[in-house]
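Participant: Sequence:
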Amino acid sequence: MPRTRIILALFIIPLALGAQDIDEAIRLFESFQFDRSRTIFEDIVKKGDNPRLAEAHYYLGRLSISPDSALVHYRVVIMDHPQSRYVDISYLEIAKIAIARENYQDAIVTINELLKQYPDIGFKDEALFWLGVSYIGAGQKDPGHATLKSLIAAYPKSEWAGRASSIIPEKGGNVPPVNPPDQPRDYYTIQIGSYRNEGNAQKLAADMR
1 MPRTRIILAL FIIPLALGAQ DIDEAIRLFE SFQFDRSRTI FEDIVKKGDN
51 PRLAEAHYYL GRLSISPDSA LVHYRVVIMD HPQSRYVDIS YLEIAKIAIA
101 RENYQDAIVT INELLKQYPD IGFKDEALFW LGVSYIGAGQ KDPGHATLKS
151 LIAAYPKSEW AGRASSIIPE KGGNVPPVNP PDQPRDYYTI QIGSYRNEGN
201 AQKLAADMR
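Going by my numbering, 53 is the number at position 53 of the sequence shown; the sequence numbering is gapless.
Hints in this document: simulated from the structure, not taken from any laboratory.
Idealized CB from N, CA, C, for every residue including glycine.
Keep in mind that the hints are not guaranteed to be accurate.
In silico BS3-like pairs for lysine-lysine, Cα to Cα no more than 25 Å straight-line [as the list claims (entries may be wrong)]:
1. K157 to K141
2. K157 to K116
3. K116 to K149
4. K116 to K141
5. K124 to K149
6. K157 to K124
Derived DEER-like restraints, expressed as beta-carbon distance ranges [said to hold, decoys possible]:
7. S150 to K47: 40 to 50 Å
8. V109 to E159: 22 to 32 Å
9. G122 to D23: 20 to 30 Å
Using the sequences provided together with the hints, build the complete structure.
Facilitator: Okay, here's the thing in structure tokens:
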């Protein structure tokens, strides 16, 4: 075998093996085998030579119980791997952590930066929803309502538009009830997953139902 072919083979084989590790970890993640998935991702990050290292950091962020730990991984994706396809969603995850902590101004800055750098993201409806919520949470109701109205106008069939509709006041100035009159108004939601692939999200929803 010519020397050039040997060198090429020595280069390609580790890449292929690394890709297999990532794909296996993602498969385990999507089948809810989180501990096994985390172990593989942590090993990939520890070695530090995988060409899909940004993916490993992103998923470790998703798997982190501690918000601070998740932020570390998402920021690594953004700062160290600016060309990764996981940068845009990492911005949104950082903003959602800020919202959960009621750091609404930080969330506003983060989401606006996301929309500035990636105006054509596939989850723009969700980003606009959280931006509107952040404005309202920060006491800036006018830009908050304007953002939610723009979401509804641009994505009328989106589930995020439906959520936005429950927040924007009616013409009389009252916020429409989110529950039927005979049910309590207090409620909360728990996000159990977030996927780029709609099929994976639908599978999770079906399994949970």
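Participant: Quick one: which hint numbers does this structure break? Sort them smallest to largest.
Facilitator: No hint contradicted; all consistent.
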